[in-house]
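Residue-level listing of the chains:
2 protein chains.
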Amino acid sequence: MASPVLDKLPFTIHNLPYGVITSKEDPAPRCAVAIGDHVIDLAQYANGGGLESLDKTYETTLAQVFSSNGLNDFAALPWEARRHVRAQLQSDLQEGKVPSACLLPLSEVKSHLPMRIGGYSDFYTSLEHCQNCSGEMSQAAIAKNWWYAPSVYNSRVSSIVPTPTDLHRPKNVYFSAGIDSEPAYGPCRMMDFELEMGYFVSKPVPFGEAMPIAEAKAHIFGFVMLNDWSARDHQLFEMRPLGPFHSKGFGTTISNWVVPLEALEPFSCPPQTKQDPAPFPHLTYPDTSEGALDIRLRIKLVRDGQESTLGTSNLKYLYWTPYQQLTHHAASGCGMETGDLIGTGTISGSGVDDKGQKTELGCLYEAIRTKTQVLPQSTSSEYQQGFLEDGDEIILEGWCEDGNGKQIFGFGECRSRIVPPK
Amino acid sequence: MASPVLDKLPFTIHNLPYGVITSKEDPAPRCAVAIGDHVIDLAQYANGGGLESLDKTYETTLAQVFSSNGLNDFAALPWEARRHVRAQLQSDLQEGKVPSACLLPLSEVKSHLPMRIGGYSDFYTSLEHCQNCSGEMSQAAIAKNWWYAPSVYNSRVSSIVPTPTDLHRPKNVYFSAGIDSEPAYGPCRMMDFELEMGYFVSKPVPFGEAMPIAEAKAHIFGFVMLNDWSARDHQLFEMRPLGPFHSKGFGTTISNWVVPLEALEPFSCPPQTKQDPAPFPHLTYPDTSEGALDIRLRIKLVRDGQESTLGTSNLKYLYWTPYQQLTHHAASGCGMETGDLIGTGTISGSGVDDKGQKTELGCLYEAIRTKTQVLPQSTSSEYQQGFLEDGDEIILEGWCEDGNGKQIFGFGECRSRIVPPK
Numbered sequence: 009m010a011s012p013v014l015d016k017l018p019f020t021i022h023n024l025p026y027g028v029i030t031s032k033e034d035p036a037p038r039c040a041v042a043i044g045d046h047v048i049d050l051a052q053y054a055n056g057g058g059l060e061s062l063d064k065t066y067e068t069t070l071a072q073v074f075s076s077n078g079l080n081d082f083a084a085l086p087w088e089a090r091r092h093v094r095a096q097l098q099s100d101l102q103e104g105k106v107p108s109a110c111l112l113p114l115s116e117v118k119s120h121l122p123m124r125i126g127g128y129s130d131f132y133t134s135l136e137h138c139q140n141c142s143g144e145m146s147q148a149a150i151a152k153n154w155w156y157a158p159s160v161y162n163s164r165v166s167s168i169v170p171t172p173t174d175l176h177r178p179k180n181v182y183f184s185a186g187i188d189s190e191p192a193y194g195p196c197r198m199m200d201f202e203l204e205m206g207y208f209v210s211k212p213v214p215f216g217e218a219m220p221i222a223e224a225k226a227h228i229f230g231f232v233m234l235n236d237w238s239a240r241d242h243q244l245f246e247m248r249p250l251g252p253f254h255s256k257g258f259g260t261t262i263s264n265w266v267v268p269l270e271a272l273e274p275f276s277c278p279p280q281t282k283q284d285p286a287p288f289p290h291l292t293y294p295d296t297s298e299g300a301l302d303i304r305l306r307i308k309l310v311r312d313g314q315e316s317t318l319g320t321s322n323l324k325y326l327y328w329t330p331y332q333q334l335t336h337h338a339a340s341g342c343g344m345e346t347g348d349l350i351g352t353g354t355i356s357g358s359g360v361d362d363k364g365q366k367t368e369l370g371c372l373y374e375a376i377r378t379k380t381q382v383l384p385q386s387t388s389s390e391y392q393q394g395f396l397e398d399g400d401e402i403i404l405e406g407w408c409e410d411g412n413g414k415q416i417f418g419f420g421e422c423r424s425r426i427v428p429p430k
Numbered sequence: 009m010a011s012p013v014l015d016k017l018p019f020t021i022h023n024l025p026y027g028v029i030t031s032k033e034d035p036a037p038r039c040a041v042a043i044g045d046h047v048i049d050l051a052q053y054a055n056g057g058g059l060e061s062l063d064k065t066y067e068t069t070l071a072q073v074f075s076s077n078g079l080n081d082f083a084a085l086p087w088e089a090r091r092h093v094r095a096q097l098q099s100d101l102q103e104g105k106v107p108s109a110c111l112l113p114l115s116e117v118k119s120h121l122p123m124r125i126g127g128y129s130d131f132y133t134s135l136e137h138c139q140n141c142s143g144e145m146s147q148a149a150i151a152k153n154w155w156y157a158p159s160v161y162n163s164r165v166s167s168i169v170p171t172p173t174d175l176h177r178p179k180n181v182y183f184s185a186g187i188d189s190e191p192a193y194g195p196c197r198m199m200d201f202e203l204e205m206g207y208f209v210s211k212p213v214p215f216g217e218a219m220p221i222a223e224a225k226a227h228i229f230g231f232v233m234l235n236d237w238s239a240r241d242h243q244l245f246e247m248r249p250l251g252p253f254h255s256k257g258f259g260t261t262i263s264n265w266v267v268p269l270e271a272l273e274p275f276s277c278p279p280q281t282k283q284d285p286a287p288f289p290h291l292t293y294p295d296t297s298e299g300a301l302d303i304r305l306r307i308k309l310v311r312d313g314q315e316s317t318l319g320t321s322n323l324k325y326l327y328w329t330p331y332q333q334l335t336h337h338a339a340s341g342c343g344m345e346t347g348d349l350i351g352t353g354t355i356s357g358s359g360v361d362d363k364g365q366k367t368e369l370g371c372l373y374e375a376i377r378t379k380t381q382v383l384p385q386s387t388s389s390e391y392q393q394g395f396l397e398d399g400d401e402i403i404l405e406g407w408c409e410d411g412n413g414k415q416i417f418g419f420g421e422c423r424s425r426i427v428p429p430k
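Top line first, the protein sequences correspond to chains E and C. Add 8 to a position in the first sequence, counting from 1, and you land on the number used in my numbering. Add 8 to a position in the second sequence, counting from 1, and you land on the number used in my numbering.
Same shape as in the complex, but just chain E (with noise of 0.2 Å):
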């Protein structure tokens, strides 16, 4: 009998993330729960009886819920019940008592996508990015507005893709030689990654409501690692005045496991900026002891074979919250779905070594608008210099620790390779 071990990380039994999956026995994507170096398909264990307990409060059975190729169904169930199964995979694990049947072993299942996605935005909201990015990209100054509520875009639904897609460098018109000059078309010349999370909407806002802050919880259903790949030079020529569109919208990639809120829970703590002005009411969090989620994130680079890390993160350090964020975004009253991605735009933070060398900076730009040196010197390139080569592939982590710095579980790698234009 398969008996995953519970403490491996990064998906301890403390984690139980969510995801899709398919095998070579059986192609049909359902929904399934990493532990250890397993999966419970989750399908076959609502099937065999395994969750007939929490079966008739709700409308449709669990088995259904998860013979599903994204988790929007179980997501759309209220949290109680998630809570429900959470703590019942729990307690079986435990006990022993998941059939051997229903356990995969990790490496031979596929991920995909965890959830059919709606609607994706992504934020701006970490003070140091934007302090870090300050120039011809973000008008010089920080604008007044970003202090008064989360600064959000639109992304592109259709190019969000799981780990591990190869991205081919986009081609799209640039200025060839900065700001306003002549334009060319071609392939991008200055790509970048942003280290940012990614979270689901849970249950849903209807059209032509707001949603009040203190209910923000509970229309979240779980996060992942999110790579908002930049390509710089499209960026700065299409900014004004819309905004990101072809130099974001080529590629995102998330982490395959949705890790639920339940199990960050533990890891909340207050913000770490007091935010000055005082945001609005409808943007005051009620319990200041909360907010923020204190969870660790590194960037590693794989570039000839080599892994080296480009810098640390923690998403604690965003000045505006995924609660007061989520809030904002339901706000005019657009209606928020199930299964809308909201990405929390890049984190960076204030971090320096003992040289005095920034150390939390989310992608490649904010290094090289600070004269900082994180990426290894490349050899001959036809891209410019400071920016990601052919083959480079970026890997994003996030983790939770407890108070003597062990790790309690971690997100799963969040993984691409930019590979050449086609």
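Some hints here could point you the wrong way.
[As the list claims (entries may be wrong)] Per label pair, the in silico range of CB-to-CB distance: (1) C:Thr-281 <-> E:Ile-187: 21 to 27 Å; (2) E:Val-427 <-> C:Tyr-66: 33 to 39 Å; (3) C:Asp-312 <-> E:Ala-226: 41 to 47 Å; (4) E:Ala-226 <-> C:Gly-186: 34 to 40 Å; (5) C:Pro-35 <-> E:Glu-88: 43 to 49 Å; (6) E:Ile-187 <-> C:Leu-14: 55 to 61 Å; (7) C:Tyr-66 <-> E:Gly-56: 45 to 51 Å; (8) C:Ser-388 <-> E:Gln-72: 52 to 58 Å.
Please keep in mind that the hints were generated in silico from the structure rather than gathered at the bench. Since the model is a prediction, treat every value here as computed from it, not as a measurement. Backbone N, C-alpha and C define an ideal beta-carbon position, used for all residues, glycine too.
Could you slot chain C onto chain E? The hints should help.
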């Protein structure tokens, strides 16, 4: 036996637009085509064998394709197949061969959004609109990038609504007395419409691929009227640096019947403006005798029961044509899916009346910037003069004419009302 009148405007035999309907007798959504004051229930029509001769060529039967809550499966068929369906409908109608059982009075059906929409992008490509808006919202002059590629942003899918849907005046943050003044939170005080058309993608463009401009036509299913409602004070607040979000995302109204490109082909014409600088090769349409579409447009306001015309325009005025727009949209490999909606951007012109007053302004913001009186004087108002009041209804109309000014068919109304904030 019901016999639809084949030359009744706007849905004449030359139009045959597609939509999605329900009826009292049959609440299941299915596809239909409008003709005169009737609709043909296409699921019923195909089920009854009306299109049997076409079925063998395609994987699914047309009865299945039309028994759907969106036109997506139909739009995804090869263009040739859709041309066949249209030709047979025209011929059967002309010969009186459409069975009565398939015909329903237009007044007895309810129309819905015609497609399941995965992505919605909105362009900004009318030179006159940009010129009229120049100022604080668009950074004083028209930015250099505007001339080298069609400007576009991702907008919000969840708030696209069919005609007629009431929209609550949205609440959000704005500058209380002009750019960078003290921010406040509350209902929009500068509520505006934007006269646009929208078009739906038929054949998808795969993720990672670009689309040659010569093939653009084959990727367009058809056109609707589109009102890109705009909360100007919220927009003025949020534009820097990420572009419009809430100011557009609270609602977008479309007309309910998709006029297929086949119906519009006779009204193709050369673009009205020579592009200078010349577009990049990938944005150069190979046939200089076409690229634009001659579609006449009108904006009407209903206030206090009185209807007035606020302006007229024509789709052919656009500086960047729909084919150029779509090609640029696909250029970075974001992938485009059947059912994606593209907004043309506000369509303004340079026309004036005999007093020199501008008559082709696509929104109220342009009227205010150019000091043109288009709205009836309002009585007392809690909002800013020159913008829409609660209860105001905007109707957008489009139609095609023959060389003698005779209307051949129309698009049907795009109509919505602004109601008080919640």
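Could you check the hint for me, namely that Asp-312 of chain C and Ala-226 of chain E are 41 to 47 Å apart, CB to CB? Given about 42 Å between the Cβ atoms, the range holds.
Given the hint of 55 to 61 Å, is the C-beta distance from Ile-187 of chain E to Leu-14 of chain C inside that range or not? holds (57 Å)
Quick check: does the Cβ-Cβ distance between Val-427 of chain E and Tyr-66 of chain C fall within 33 to 39 Å? Since Val-427 of chain E and Tyr-66 of chain C have Cβ atoms about 35 Å apart, the given range 33 to 39 Å holds.
Go ahead and decide if the range 52 to 58 Å is satisfied by the Cβ distance of Ser-388 of chain C to Gln-72 of chain E. holds (56 Å)
CB of Pro-35 of chain C to CB of Glu-88 of chain E, is that within 43 to 49 Å? Violated, at about 32 Å.
Could you see if the CB distance from Thr-281 of chain C to Ile-187 of chain E stays within 21 to 27 Å? holds (26 Å)
Return holds or violated for the Cβ distance of Ala-226 of chain E and Gly-186 of chain C against the range 34 to 40 Å. holds (38 Å)
CB-CB spacing for Gly-56 of chain E and Tyr-66 of chain C relative to the 45 to 51 Å hint: violated (40 Å)
Comparing the model with each earlier hint shows violations of hints 5, 7; every other hint is respected.
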